[in-house]
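Next come the chains, spelled out residue by residue.
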Amino acid sequence: AGQLDMITDTFNKLVNSCHAKCISTRYLEADLNKGESVCIDRCVAKFFAVNTKVGEQMQQIGSQRQ
Amino acid sequence: MDFSQLTANDQQAMEAIVARKQMKDFSRLFTSLVDRCFTSCVDDFTSRSLTSREDECVSKCTQKFLKHSERVGARFQEENQKIAGGN
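Protein sequence lines, in the order shown, are assigned to chains G and V.
Heads up, the final residue of the first sequence is numbered 66 in the working numbering, and it's a clean run with no missing numbers.
Heads up, the final residue of the second sequence is numbered 87 in the working numbering, and it's a clean run with no missing numbers.
Treat the hints with care, since some could be wrong.
Claimed, not checked - Once the Cα atoms are required to be at most 27 Å apart in a straight line, the calculated DSSO-like pairs of lysine-lysine come out as:
id, chain 1, residue 1, chain 2, residue 2
1, G, K34, V, K82
2, V, K24, G, K21
3, G, K21, V, K67
4, V, K67, G, K34
5, V, K82, G, K21
6, G, K34, G, K46
To be verified - Label pairs and their computed distance ranges (CB to CB):
id, chain 1, residue 1, chain 2, residue 2, range
7, V, D25, G, D31, 19 to 27 Å
8, G, C39, V, T39, 14 to 22 Å
9, G, Q59, V, Q81, 17 to 25 Å
10, G, A30, V, K21, 22 to 30 Å
11, G, T25, V, G73, 31 to 39 Å
12, V, E70, G, S24, 13 to 21 Å
13, G, N33, V, G73, 17 to 25 Å
Stated by the list, open to error - Pulled a few chain G residues facing chain V out of the computed Cβ check, cut under 7 Å:
id, residue
14, V15
15, C18
16, V38
17, C39
I should point out that these hints are in silico values taken from the structure, not numbers from a laboratory.
All C-beta atoms in this analysis are idealised placements derived from N, C-alpha and C, irrespective of residue type, glycine included.
The whole structure should be built from the sequences, with the hints applied where relevant.
Structure follows, in structure tokens:
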């Protein structure tokens, strides 16, 4: 259940971050336009890349401390 | 998530936990969406009711967010599968 919490937490952060970065708040239309769709795809990919990179660097720090 | 390896009792317990979390998540989605669309769309306080512009904006805001969340969910699943599959 702890893992489930972490996954849903990550997902919610992902949704909020990519909305802030990709979706115009002028709300001119109900549908996602092409630019927004592409941005979302790239945003998710980059979020995961950041996730991985931060994890790697923290592992490094952790092993240096030992 | 794969619960097929758990005992029947444990599976039931997990399903109850997931159902409870889904309910909590739904109400969290609702309040955050209200907050988001109110903040972005409502700025005319010359009357108590929503102007037609504000009304349309809230519709679009809600629908767009749900579509956005759906798309993020699809990409999220794909990325997770990559990790699980071990590319």
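Hints versus structure:
1. Distance check on the hinted pair: K34 of chain G and K82 of chain V sit about 25 Å apart at the alpha-carbon level, within 27 Å; holds.
2. Distance check on the hinted pair: K24 of chain V and K21 of chain G sit about 26 Å apart at the alpha-carbon level, within 27 Å; holds.
3. Note on K21 of chain G and K67 of chain V: the hinted pairing holds, with a Cα-Cα distance of about 15 Å set against a maximum of 27 Å.
4. Simply put, K67 of chain V and K34 of chain G have alpha-carbon atoms about 13 Å apart, close enough for the 27 Å limit, and the pair holds.
5. A threshold of 27 Å between alpha carbons decides the hint, and for K82 of chain V with K21 of chain G the separation of about 24 Å falls inside it, so the pair holds.
6. Our distance criterion of 27 Å between C-alpha atoms is met by K34 of chain G and K46 of chain G, whose separation comes to about 18 Å.
7. For D25 of chain V and D31 of chain G, the hinted distance range of 19 to 27 Å is satisfied, since their beta carbons lie about 24 Å from each other.
8. C39 of chain G and T39 of chain V have their C-beta atoms about 21 Å apart, which keeps the hinted 14 to 22 Å range intact.
9. Our hint of 17 to 25 Å for Q59 of chain G and Q81 of chain V holds, since their Cβ atoms are close to 23 Å apart.
10. The hint said 22 to 30 Å for the Cβ distance between A30 of chain G and K21 of chain V, and at roughly 28 Å that hint holds.
11. Here the CB-CB span from T25 of chain G to G73 of chain V is close to 21 Å, at odds with the stated 31 to 39 Å.
12. Between E70 of chain V and S24 of chain G the CB atoms are about 18 Å apart, so this pair conforms to the stated range of 13 to 21 Å.
13. About 19 Å separates the C-beta atoms of N33 of chain G and G73 of chain V, a value consistent with the hinted range of 17 to 25 Å.
14. The beta carbon of V15 of chain G is positioned within 7 Å of a beta carbon in chain V (closest approach about 5 Å), and the interface hint is therefore held.
15. Contact between C18 of chain G and chain V, as hinted, is supported at the beta carbon level, the nearest pair being about 6 Å apart and thus within 7 Å.
16. Annotation: interface hint on V38 of chain G violated; nearest CB of chain V at approximately 11 Å, more than 7 Å.
17. A cut of 7 Å between beta carbons decides the hint on C39 of chain G: the least distance to chain V is about 10 Å, and the hint is violated.
Checked against the numbered hints listed earlier, the structure breaks hints 11, 16 and 17; every other hint is satisfied.
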